[in-house]
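Listed below are the residues making up each chain.
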Amino acid sequence: MFFNSIDFAIFLPIVFILYWFVFIKNLKLQNLLIVFASYIFYGWWDWRFLSLIFFSTVVDFSIGRALANEESISRRKILLWTSILVNLGFLGFFKYYNFFLENFISAFLLFGIEFKVSSLNIVLPVGISFYTFQTLSYTIDIYNKKLKPAKNFIEFMAFVSFFPQLVAGPIERATHLLPQFYTKRLFDYSKAVDGLRQILWGLFKKVVIADNSAVFANDIFNNFSDYSGSTLVLGALFFTIQIYGDFSGYSDIAIGTSRLFGFDLMQNFAFPYFSRDIAEFWRRWHISLSTWFRDYLYIPLGGSRGSIWLKIRNTFIIFIVSGFWHGANWTFIVWGGLNAIYFLPLLLTNNNRNNIEIVAKGKIFPSFQESYKMLLTFSLTVFAWIFFRAENIDHAFNYIRKIFSISILNPIYFNSMKPLNLIVIPCLVFFFITEWLGREYMYAIEGMWLRWNRVTRWTFYIGIIICLFIFSSKEQEFIYFQF
Amino acid sequence: MRQFIFKVLLFCIVFFVVDKIFIVIRNLAPKFDYDRRLELVLDGKINKDIVIFGSSRGQRDVDIQLIKDSLNIEDVYNLSYGGSTPEFQYFLLDMLIKYNKKPKLIIKLIDDDFEVMHKDYQGNGKDFRLDRLYPLVKYNEIQKELIKRGEKNRILSRLFIIHQLNKSNFNFKNQGIIDTINGATLLNGHNSRLDWNYVSQSSYNKEREDSIEVSYLIRFQKKCNNNNIELIFATAPVFRKPNKEWIESMKENILTSTYFYQHKLDENSYKEKENFADFSHLNKKGAKIYTQDLISFIKNKKILYTD
Numbered sequence: 001m002f003f004n005s006i007d008f009a010i011f012l013p014i015v016f017i018l019y020w021f022v023f024i025k026n027l028k029l030q031n032l033l034i035v036f037a038s039y040i041f042y043g044w045w046d047w048r049f050l051s052l053i054f055f056s057t058v059v060d061f062s063i064g065r066a067l068a069n070e071e072s073i074s075r076r077k078i079l080l081w082t083s084i085l086v087n088l089g090f091l092g093f094f095k096y097y098n099f100f101l102e103n104f105i106s107a108f109l110l111f112g113i114e115f116k117v118s119s120l121n122i123v124l125p126v127g128i129s130f131y132t133f134q135t136l137s138y139t140i141d142i143y144n145k146k147l148k149p150a151k152n153f154i155e156f157m158a159f160v161s162f163f164p165q166l167v168a169g170p171i172e173r174a175t176h177l178l179p180q181f182y183t184k185r186l187f188d189y190s191k192a193v194d195g196l197r198q199i200l201w202g203l204f205k206k207v208v209i210a211d212n213s214a215v216f217a218n219d220i221f222n223n224f225s226d227y228s229g230s231t232l233v234l235g236a237l238f239f240t241i242q243i244y245g246d247f248s249g250y251s252d253i254a255i256g257t258s259r260l261f262g263f264d265l266m267q268n269f270a271f272p273y274f275s276r277d278i279a280e281f282w283r284r285w286h287i288s289l290s291t292w293f294r295d296y297l298y299i300p301l302g303g304s305r306g307s308i309w310l311k312i313r314n315t316f317i318i319f320i321v322s323g324f325w326h327g328a329n330w331t332f333i334v335w336g337g338l339n340a341i342y343f344l345p346l347l348l349t350n351n352n353r354n355n356i357e358i359v360a361k362g363k364i365f366p367s368f369q370e371s372y373k374m375l376l377t378f379s380l381t382v383f384a385w386i387f388f389r390a391e392n393i394d395h396a397f398n399y400i401r402k403i404f405s406i407s408i409l410n411p412i413y414f415n416s417m418k419p420l421n422l423i424v425i426p427c428l429v430f431f432f433i434t435e436w437l438g439r440e441y442m443y444a445i446e447g448m449w450l451r452w453n454r455v456t457r458w459t460f461y462i463g464i465i466i467c468l469f470i471f472s473s474k475e476q477e478f479i480y481f482q483f
Numbered sequence: 001m002r003q004f005i006f007k008v009l010l011f012c013i014v015f016f017v018v019d020k021i022f023i024v025i026r027n028l029a030p031k032f033d034y035d036r037r038l039e040l041v042l043d044g045k046i047n048k049d050i051v052i053f054g055s056s057r058g059q060r061d062v063d064i065q066l067i068k069d070s071l072n073i074e075d076v077y078n079l080s081y082g083g084s085t086p087e088f089q090y091f092l093l094d095m096l097i098k099y100n101k102k103p104k105l106i107i108k109l110i111d112d113d114f115e116v117m118h119k120d121y122q123g124n125g126k127d128f129r130l131d132r133l134y135p136l137v138k139y140n141e142i143q144k145e146l147i148k149r150g151e152k153n154r155i156l157s158r159l160f161i162i163h164q165l166n167k168s169n170f171n172f173k174n175q176g177i178i179d180t181i182n183g184a185t186l187l188n189g190h191n192s193r194l195d196w197n198y199v200s201q202s203s204y205n206k207e208r209e210d211s212i213e214v215s216y217l218i219r220f221q222k223k224c225n226n227n228n229i230e231l232i233f234a235t236a237p238v239f240r241k242p243n244k245e246w247i248e249s250m251k252e253n254i255l256t257s258t259y260f261y262q263h264k265l266d267e268n269s270y271k272e273k274e275n276f277a278d279f280s281h282l283n284k285k286g287a288k289i290y291t292q293d294l295i296s297f298i299k300n301k302k303i304l305y306t307d
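Chains as they are written, first to last, in our numbering: chain A, 1 to 483; chain B, 1 to 307.
Simulated from the structure, these hints should not be mistaken for laboratory data. Every residue gets a Cβ at the ideal spot worked out from N, C-alpha and C, and that includes glycine. Honestly, I wouldn't trust all of these hints.
Unchecked claim - Dumping the calculated DSSO-like pairs for lysine-lysine here, alpha-carbon to alpha-carbon at most 30 Å:
no. : chain 1 : residue 1 : chain 2 : residue 2
1   : B       : K68       : B       : K20
2   : A       : K418      : B       : K20
3   : B       : K285      : A       : K418
4   : B       : K284      : A       : K418
5   : A       : K418      : B       : K144
Stated by the list, open to error - Calculated from the model, a selection of chain B residues having no Cβ within reach of chain A, i.e. all distances over 12 Å:
no. : residue
6   : R2
7   : D19
8   : E74
9   : G150
10  : I161
11  : L187
12  : G189
13  : N197
14  : Y198
15  : Y259
16  : Q262
17  : E274
18  : D293
19  : N300
20  : L304
This is chain A alone, in the form it adopts within the complex (with noise of 0.2 Å):
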């Protein structure tokens, strides 16, 4: 089930009702309505699935009620790997499996060594990237004796699959969230509404600015051949925003969808466009992943301690896992080794935490070096999302090439520049004026339309909610699902 889609619209009145109406007097009931709830949500998607989560389930609920009861360190990594083995088994097969296999028949080809395996038609459950990150942190975290296991299978169950983070995140850490299923909740009026600003917030990245952005994306990337250097350089452009809108979009909604039933998720992008350098890029995008990959693969690395060998390995093995996690492409592994060779002189010169604060904090216009260096953060992260976006290494190289060919000096146009696309444009000021405007909150309009009055604060949402029918079409898939 998609969140932009009339079946959600209907779903969630329903769970929401139920929840705070019927159940609310038990708890144990509330979780098992959101259990039903979530599997009914992603068998909407395609019900084969749940045997997957359900399975991965009842392996970490086992494996983390064995490791609390286990002292021997010995038996304690066997029951830890176990569970790496078989959650990382499955997103291996399903989202890895061909790669391998493709890119192992074309390695032996080049020392003549023919092989005649056949690729599988394999599809790729959504979400299994997400939810397999969520329970290993569990289990992990177990093992690590950061937390407790939970004692109720419904928790764990309701901790795995809760609906509105489901298939995209944002990844919580069971520290975070599994507490929160073991505790009555209370209606809080502020925190509903906070809720629902934050859900339409996210639609309007998402069925506005990102699919809209994508219109043009993909005729330039699909085209590009036919285009000009400058038109290149816009369609990277386009992708840019349209991939933040997808993605912080969903976030948006997921986290807005929690709040209406009193759980709090964690922030997954603070304005990452808004960054001074790609290490405040990195801790402002995709939090909920970066900080993942920082505490369950980095810091056990080593982290930035030790040699400048090891700093660069550490590096270079995250930046590449975070883009292997993103995709079976070799175009992703590209990316993560690009924004690795970004951040290594900030690490290596101790200048990668920098820009903790959010840019201009209490001002209205950011100073000139900030702009300066907001603009070769955003152009040098423009440049990799071409990688991100192209089809194959060729695409890739090809779109870069023709960049920086004699036609960037040739007009901007494409296909799809017509009037009627070109409406959006208003849209997507308007959107950066808000994003940078709102930068200090947790979402764009968390705070700014506070100190107006109800009249004014329904028309900006009457304006939003006319923007929603008017800029959407059919329903489109958010990026991240593919993930």
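Since the structure of chain A is already known, use the hints to place chain B on it.
Frame of chain A; chain B shown alone:
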């Protein structure tokens, strides 16, 4: 909780009321549209004997006035839509037959070599022209079609006027460009900035055909046949060597009830750049030559009013 539910309901009521303002935009939208031909179809005002179908080549390459004069028929109309797919043209035919007097003859121009090619393989892809439908959402038929195609939701369409609309309803520029009397837009001149080399086309790959579009091409013919409408499928010249593989492939999709007009492949006029506006479309001069050939075909085959 009560306060929350109350406020949400109150907001919904306010939105429901505000939404009704958009009835004005929905009802006025057709008047601001640059092409009002589909509106005329839905209003039952295209009661013509000969109707031209096709994409931009249908729009540019056929001289309606010449057909009128040569065949001595006053009721000729061009219902070709640039960038339209066979599926869209079938929809048009359906509406035409449903709300108007059935034409006696339909001439449908087919595109060399991408008439039924899958959208993914067309650089400048043809599409189901939804932008032509949205300005007309006040018509039930249009709403039904949008719902059928998954563009709009049935329940939301009933509840909210704004849901029936789309950004196309707010495109007020260029209204009235298309001539509603003949429906045609012939091109003047010749684009001298293009690199005019008469080259051969790459070989035709049948695997790139879209089976859905092929099925609509066949349904188009069956519908004409079932309604006793004479149908000509006509190839149109392009400033390239004709793709014979494509012609052979298209013949496989043509029913026996359909006339197939293949323009003169060796005709020198179609190799002269002065007769073309661009590589894909004839200009006024070229359209006259092509239409004259088409008229000769109609006369030779003794279709309709020919002696």
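Report holds if the minimum CB distance from R2 of chain B to chain A is greater than 12 Å, and violated otherwise.
About 10 Å separates R2 of chain B from the closest Cβ of chain A, which leaves it inside 12 Å; violated.
Compute the least Cβ-Cβ separation between N197 of chain B and chain A, then decide whether it is above 12 Å.
Given that every Cβ of chain A is farther than 12 Å from that of N197 of chain B, nearest at about 18 Å, it holds.
Please work out if K418 of chain A and K144 of chain B have their alpha carbons no farther apart than 30 Å.
Holds, at roughly 26 Å.
When you check the alpha-carbon spacing of K418 of chain A and K20 of chain B, does it fall within 30 Å?
29 Å, holds
Whether N300 of chain B stays farther than 12 Å from all C-beta atoms of chain A, as the label says:
Label holds. Min Cβ-Cβ 40 Å, cutoff 12 Å.
Does the no-contact call for L304 of chain B survive, Cβ to all of chain A over 12 Å?
38 Å, holds
Would you mind confirming whether the straight-line C-alpha gap from K284 of chain B to K418 of chain A stays at or under 30 Å?
Status holds; Cα separation ~26 Å.
When you look at the beta carbon of G189 of chain B, is every beta carbon of chain A farther off than 12 Å?
20 Å, holds
Exclusion check [Y198 of chain B not at the chain A interface, CB over 12 Å]
21 Å, holds
Non-interface claim for Q262 of chain B: all C-beta distances to chain A beyond 12 Å?
Given a closest Cβ separation of 30 Å, the condition holds.
If we take the beta carbon of E74 of chain B, is the closest beta carbon in chain A still more than 12 Å away?
Non-interface label stands for E74 of chain B: nearest chain A Cβ at 35 Å, farther than 12 Å.
Could you grab the alpha-carbon distance between K285 of chain B and K418 of chain A and see if it respects the 30 Å cut-off?
Judged against 30 Å, a Cα distance of about 29 Å means the pair holds.
Of the hints listed earlier, those the structure fails to meet are numbers 1, 6, 7, 9, 10, in rising order.
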